[in-house]
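Novice: So you can see what is in the structure, the chains are spelled out below.
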Amino acid sequence: MPAASNRRNIVGVKAETVTNVSSTDFPGHWPGEDHSWNIKHFRRTFRVKFFRNTPLFSQFDLIHTDAAIANTLRRIMIAEVPTLAIESVYVSNNTSIIQDEVLAHRLGLIPLCGDKDALKGLSWYLRGEDSAPREPTDEDTVVLYLKKACERNPDAKKTDTDPDKLYINHNVYASDILFEPAGRQIKSFAHDPVRAANPDILIAKLRPGQEIDLTMHCIKGIGQDHAKFSPVATASYRLLPDIKIKKPIRGKAAERFAACFPKGVIAIRERKDGEKEAVVDNVRNDTVSREVLRHDEFKGIVELGRVRDHFIFSVESTGQFDADEIFLSAVGTLKAKTINLKRDIYKMLRKQALDARRAREAENPDADEEGDAMDTQ
Amino acid sequence: MSATGSQREAYQPPAAGSSGMGRSYVPAPAGTMFYLCAECGVKVGINKGEPIRCKECGHRILYKQRTTRMVQFEAR
Ligand SMILES: [Zn+2]
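Protein chains in written order, with the UniProt record's numbering: chain A, 1 to 377; chain B, 1 to 76.
The set of hints was computed from the structure by calculation and includes no laboratory data. Any given hint might turn out to be false.
[What the hints assert, rightly or not] Listed next, the in silico DSS-like pairs over lysine-lysine satisfying Cα-Cα at most 25 Å (straight line): (1) Lys-244/A - Lys-263/A; (2) Lys-299/A - Lys-247/A; (3) Lys-148/A - Lys-43/B; (4) Lys-147/A - Lys-220/A; (5) Lys-205/A - Lys-157/A; (6) Lys-187/A - Lys-116/A; (7) Lys-49/A - Lys-263/A; (8) Lys-247/A - Lys-272/A; (9) Lys-43/B - Lys-158/A; (10) Lys-147/A - Lys-43/B; (11) Lys-147/A - Lys-64/B; (12) Lys-347/A - Lys-337/A; (13) Lys-276/A - Lys-244/A; (14) Lys-244/A - Lys-49/A; (15) Lys-205/A - Lys-43/B; (16) Lys-205/A - Lys-64/B; (17) Lys-335/A - Lys-220/A; (18) Lys-247/A - Lys-276/A; (19) Lys-299/A - Lys-252/A; (20) Lys-148/A - Lys-64/B.
Start from the sequences, fold in the hints, and give me the full structure.
Specialist: Quick look at the structure:
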């Protein structure tokens, strides 16, 4: 089947089944083909293509890589790229209707932003023993305050019923959180202080006489520990859809065909003889709803699928770092992990070689075999 | 993660009893306790031996105020 080789990386999406799910580009699967790992081949074929890149949202393609790599990067972005978040809340007073515990939890989930380099320069706060807790320092802790008390508005009319006119300070917003830099933070956060990334988050509502007065300590952490530390709102990928029209679809049928897909997926072109024909325009818009497979007139004419090694990532930042920075940071983390793994494998192999040599020497102590030991690099 | 100890500056964790880091807290005259009237909500100062009664409306039910002592919570 010569034609099949081009379709090898297509996952078939049939009316009721999904076919050709697993990748087959590994050694020993295809007779006479070399699929062993080759960095040159990877460098030549692998591509990253950015489609949209704004500070808070970025959409890009990873082409010609395995699902394992794409999924690793997704998981690292969600759970292992560190961010700053509120960790401890010291409540001096809270007479609002929100309980202290719930208020503390809400505060923890507020995404923070500030000088990116200063945030990256923060070190991990290491919790000490219960008996000897570690003192927070300006290197690992950021202190925030929130203090607000509600009052009656003296200028309100007697007929007013709107809380906005009746009361002052009755809404506590994320923008009310104030940063108090300490030590070196005074300099490092001078131009871009730590603050809520979204100032309009409503934290609590107050009524006259109620008050919130608290201090917060923020530390660096990762999403694995708590979701509040995750730098992304979503980091996900999908496979590029693939639509293959096997026989030309013309005339009125072309319009019916286009109607089976979301807007922009199928274009209708006018041929030289004036007849209309359906052509695939932008597959990225397709949701692979399989609507077209419900229509008998298109049976056997169209084949739906997804490209197995073409990942469309969409990364949405919570505001602390730019979306593309989060991806790059995840790549760096993956690289560090592989370096660690490599080092440990070498260590293991060295130990195995050493043990084997010792066993050999124990068997025949006279023969001194040299040059058999593993390269100790 | 350089540990340049000389530049470190330790925070003063909010100590129990004070309302946060060095912010003003005016102590009440010794012996006077403040309560909230259950009827009209006004703050009532009561000294030792005084009747438990609102000075504004005469209501006899008073609420104890929330502690202003610092309480620590984990934002989790
Ligand atoms: Zn009263």
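Novice: If a hint holds in the structure, say so; if it does not, say that too.
Specialist: Evaluated hints:
1. Lys-244/A - Lys-263/A: holds (17 Å)
2. Lys-299/A - Lys-247/A: The hint holds at about 11 Å.
3. Lys-148/A - Lys-43/B: Holds, because 19 Å separates the two Cα atoms, which is no more than 25 Å.
4. Lys-147/A - Lys-220/A: holds (24 Å)
5. Lys-205/A - Lys-157/A: Cα-Cα ~21 Å, so holds.
6. Lys-187/A - Lys-116/A: holds (13 Å)
7. Lys-49/A - Lys-263/A: The hint holds at about 23 Å.
8. Lys-247/A - Lys-272/A: holds (18 Å)
9. Lys-43/B - Lys-158/A: Judged against 25 Å, a Cα distance of about 24 Å means the pair holds.
10. Lys-147/A - Lys-43/B: holds (20 Å)
11. Lys-147/A - Lys-64/B: holds (22 Å)
12. Lys-347/A - Lys-337/A: The given pair, whose Cα atoms are some 15 Å apart, holds under the 25 Å limit.
13. Lys-276/A - Lys-244/A: Holds, at about 18 Å.
14. Lys-244/A - Lys-49/A: Roughly 23 Å between the alpha carbons, so the hint for Lys-244/A and Lys-49/A holds.
15. Lys-205/A - Lys-43/B: Satisfied, since the Cα-Cα distance of roughly 21 Å is no more than 25 Å.
16. Lys-205/A - Lys-64/B: Answer holds: Lys-205/A to Lys-64/B is near 22 Å, not above 25 Å.
17. Lys-335/A - Lys-220/A: holds (21 Å)
18. Lys-247/A - Lys-276/A: holds (14 Å)
19. Lys-299/A - Lys-252/A: holds (16 Å)
20. Lys-148/A - Lys-64/B: Judged against 25 Å, a Cα distance of about 21 Å means the pair holds.
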